[in-house]
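> One letter stands for each residue in the lines below.
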Amino acid sequence: MKYEAVIGLEIHAQLLTETKIFCGCSTRFGSEPNTQTCPVCIGMPGVLPVLNRRVVEFAIKTGLAMNCKISSYSRFARKNYFYPDLPKGYQISQYELPICENGYVDITVDGVKRRVGITRIHMEEDAGKNIHQKDGSLVDLNRAGVPLMEIVTEPDIRSPKEAAAFMRKLRTILRYLGVCDGNMEQGSLRCDANVSIRPEGTEEFGTKTEIKNINSFKFVERALEYEIKRQIKILNEGGKIIQETRLWNVDTGTTQSMRSKEEAHDYRYFPEPDLVPLEVSKEWIEEIRQSMPELPDEKRNRFIEEFGLPEYDADILTEERTIAEWFEECVRLGAKPKEVSNWMLTELLRRLNESGKEIHEIALTPQHLVDLLKLIDNGTISRNIGKNVFSEMFASGQSPEKIVQEKGLVQITDTSEIEKMVEDVIQANPKEVERYKNGETKLLGFFVGQVMKASKGKANPKVVNELIRKKLS
Amino acid sequence: MKLSSSEVEHIAHLARLRLTEEEKELYSSQLSKILDYIEKLNELDTTEVDPTSHVIPLKNVFREDVLGESLPVDEALSNAPQREDSFYKVPKIID
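Just so you know, the sequences run in chain order A and D.
Take 1 as the starting number for the first sequence in our numbering and just add one per residue.
Take 474 as the starting number for the second sequence in our numbering and just add one per residue.
Just so you know, not all the hints are guaranteed correct.
[Stated by the list, open to error] Short derived list, chain D residues pointing at chain A, Cβ under 7 Å: (1) 476; (2) 479; (3) 489; (4) 492; (5) 493; (6) 495; (7) 528; (8) 535; (9) 540; (10) 560.
[Stated by the list, open to error] Taking CB as the label site, the calculated pair distances span: (11) D:532 to A:329: 42 to 50 Å; (12) D:486 to A:291: 43 to 51 Å; (13) D:541 to A:365: 52 to 60 Å; (14) A:241 to D:517: 24 to 32 Å; (15) A:131 to D:486: 25 to 33 Å; (16) D:486 to A:249: 23 to 31 Å.
[What the hints assert, rightly or not] Covered stretches of chain A, going by a simulated chain D footprint (3 or more residues, C-beta under 8 Å): (17) 10-16; (18) 227-233.
It is worth saying that the hints were derived from the structure and are not from the lab.
Positions of the beta carbon are idealized from the N, C-alpha and C atoms, including for glycine.
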């Protein structure tokens, strides 16, 4: 039987605020343990949480970007459970009245557009961090109270590939909005997946499992692929899927049962009495909407329409807002869009990858690239030399003019100078000349190569080509 | 409304309380009485009353996203029964 996967995702995104959701402690990552706590976030008696306004703004922004309905009335709830990383014995979260509901995000997989429904987005506080040792567990509460957004999708995803595409799209949107840095490895973006399978063409959902601990973009696809195969195998062997939580194990490339707890979770949610309700006015929503940047889909479509870029180029250039803006700056400075795109997609992105740097961290500026393209355009240097200059610019941040001058890279267009080099090459390679004259015209490339080498790449290739043809005819 | 013994056990477990058989029996009858008392509220007609989660006539109380002061580590950990370096130390957590 052929099966179809049904996948829904539950994403936790850590918000890029300065301070925690209910107190003024810092959210900075990687500080010494328990240096960023106060009576509010470690649950001392008699304290009152006060909601960070920016958390609400970030959640509304995200909701708008994901086409959600923003609730005019919303409130917080207590989710009760005991765990050492949860100092109060409850997590302040949202339950029956989340801030955003009923949205969607469009993704494109293999050229096919798919719409993934967003069930809800809510705000909550993070728990602390446990480190397990042989003789006990250590608790660091720096993270307790750090603001999170939980984003829940409808079970609209049908393949691991779609899930990965959705996660990338989500990351792009969150980064455009500046609400989350989207770093799965560091845990500021976390993804749990609900997975079930059903015979293709049927409507009824199968029994689902929940996969946790997927802590990298590349594992989203791999963990889901494994889990779907596992479920198909069980059904094909006449078995039954058990509803349970399973952990993705990076080392074995498998998912493992978390030993299904006998007792179902009983969180006894109730409205948080320490926080007053949240009312979001139309004016506030409008104000936030006005402050939003152009979103990835809009930007991508504009790049195609306004600059005539191929879809492929537009997709890659708009994946990161900073990259897209760098591109636009080059175009604004007068460079041809497709030319800029070609250089960025090859030379620039490759070097960024290699250096592990973000585009705003490098010395190279849009003006440098634009000036380089001018030098190539007006024949001062060849395209190949241009690549060397680019590499130099990337490393040193010097202007292309200066690099070309200092390294003596100006293209030789002086025919007599090139003629001399062509003659030398012809004299040094009598055998090849003979073969060429006997009809082996593909040797032209060999001669051009030799001359270019002799000129250290500076000879104008067009002139070299013409001269060789003339001399050998 | 009489609470069953297993319901009392469930509630005790959620609160991480270990009860003796006598205590279970005692709490079962006491909790049942409390529930009966609360049941009285259902005698009121509330069809015209909006659900209320909060009695204070306030909404939208915010703080700005501005850094405040955190506790020094030693003060934060001063109530901890056990610590190791700057961590709280708790009995080993078994998942």
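> Tell me if the interface restraint on residue 489 of chain D is satisfied: Cβ within less than 7 Å of some Cβ in chain A.
holds, 6 Å
> Minimum Cβ distance from residue 493 of chain D to chain A below 7 Å?
Not OK, violated: residue 493 of chain D not within 7 Å of chain A, min 21 Å.
> Can you let me know if the beta-carbon spacing of residue 131 of chain A and residue 486 of chain D is within 25 to 33 Å?
With Cβ atoms ~26 Å apart, the hint holds.
> Just to be careful: measuring from the Cβ of residue 528 of chain D to every Cβ in chain A, is the smallest value less than 7 Å?
Violated. Min distance 9 Å.
> The region 227-233 of chain A covered by chain D? Criterion: 3 or more residues, Cβ-Cβ distance below 8 Å.
violated (count 0)
> Under the criterion of a CB-CB separation shorter than 7 Å, is residue 495 of chain D in contact with chain A as hinted?
Because about 24 Å separates residue 495 of chain D from the closest Cβ in chain A, which is outside the 7 Å limit, the hint is violated.
> Three residues minimum, CB to CB under 8 Å: does the region 10-16 of chain A make the cut for coverage by chain D? Let me know.
Contact hint for the region 10-16 of chain A vs chain D: violated, 0 residues under 8 Å.
> Taking the CB of residue 241 of chain A and the CB of residue 517 of chain D, does the distance hold inside 24 to 32 Å?
violated, 47 Å
> The hint names residue 535 of chain D as touching chain A; please verify it with the least Cβ-Cβ distance against 7 Å.
holds, 4 Å
> Quick check: does the Cβ-Cβ distance between residue 541 of chain D and residue 365 of chain A fall within 52 to 60 Å?
violated, 38 Å
> Tell me if the interface restraint on residue 540 of chain D is satisfied: Cβ within less than 7 Å of some Cβ in chain A.
holds, 6 Å
> Measuring from the C-beta of residue 492 of chain D to each C-beta in chain A, is the shortest one below 7 Å?
Nearest chain A Cβ about 16 Å off; hint violated.
When the structure is compared with the earlier hints, violations turn up for hints 1, 2, 4, 5, 6, 7, 13, 14, 17, 18 and for no others.
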